[in-house]
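Q: Sequence:
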Amino acid sequence: MSSVRPLCCPALSTARSLGTRAPPDPGNGQVLGSLPEMTVDDTRQAIQHAKEALKSWRKTTEYERAAILQKIFQCASLPLEQWGGGGD
185 MSSVRPLCCP ALSTARSLGT RAPPDPGNGQ VLGSLPEMTV DDTRQAIQHA
235 KEALKSWRKT TEYERAAILQ KIFQCASLPL EQWGGGGD
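In terms of my numbering, the sequence shown is residues 185 to 272.
Derived from the structure by calculation, the hints contain no laboratory data.
In this text, all values refer to a predicted model and were calculated from it rather than measured experimentally.
Watch out, some of these pointers could steer you wrong.
Unchecked claim - Label-pair ranges, simulated between beta-carbon atoms:
(1) Glu-265 x Asp-209: 16 to 24 Å
(2) Gly-217 x Gln-254: 34 to 42 Å
(3) Gly-203 x Arg-249: 34 to 42 Å
(4) Tyr-247 x Pro-210: 33 to 41 Å
(5) Gly-211 x Ser-261: 15 to 23 Å
(6) Gln-214 x Glu-246: 31 to 39 Å
(7) Thr-245 x Val-224: 30 to 38 Å
(8) Glu-221 x Thr-244: 28 to 36 Å
(9) Arg-242 x Gln-214: 36 to 44 Å
(10) Pro-208 x Glu-236: 28 to 36 Å
(11) Asn-212 x Lys-239: 33 to 41 Å
(12) Gly-203 x Ala-234: 36 to 44 Å
(13) Gln-258 x Leu-216: 16 to 24 Å
(14) Pro-207 x Ala-251: 30 to 38 Å
By construction, the Cβ of each residue, glycine as well, lies at the ideal position given by its N, Cα and C atoms.
Using the sequences provided together with the hints, build the complete structure.
A: Below, the structure written as structure tokens:
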């Protein structure tokens with residue numbers, strides 16, 4: 185079974201996953217990565233997790249949000265190898 189987890193809710197277990205799929209980039213057809221095939225319950229759990237996360241996000245100032253988003257951008261700009269992924 186794959187260890188791919190939904191980015192929106194990393195705490196979701198993949199044990200109930202239906203496997204993974206590899207969506208292509210519509211511009212060039214290259215595979216973008218792997219996504220889990222989520223069940224309805226997985227999706228509901230992810231939505232609930234997002235609702236809980238929104239509660240704390242609403243309490244942050246615009247300066248805190250900017251710092252968080254800048255950190256996300258910095259991390260997303262790193263080469264894949266630095267994420268520990270290696271491209272599988």
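Q: Of all the hints numbered above, which does this structure not satisfy? Sort the numbers upward.
A: 2, 12
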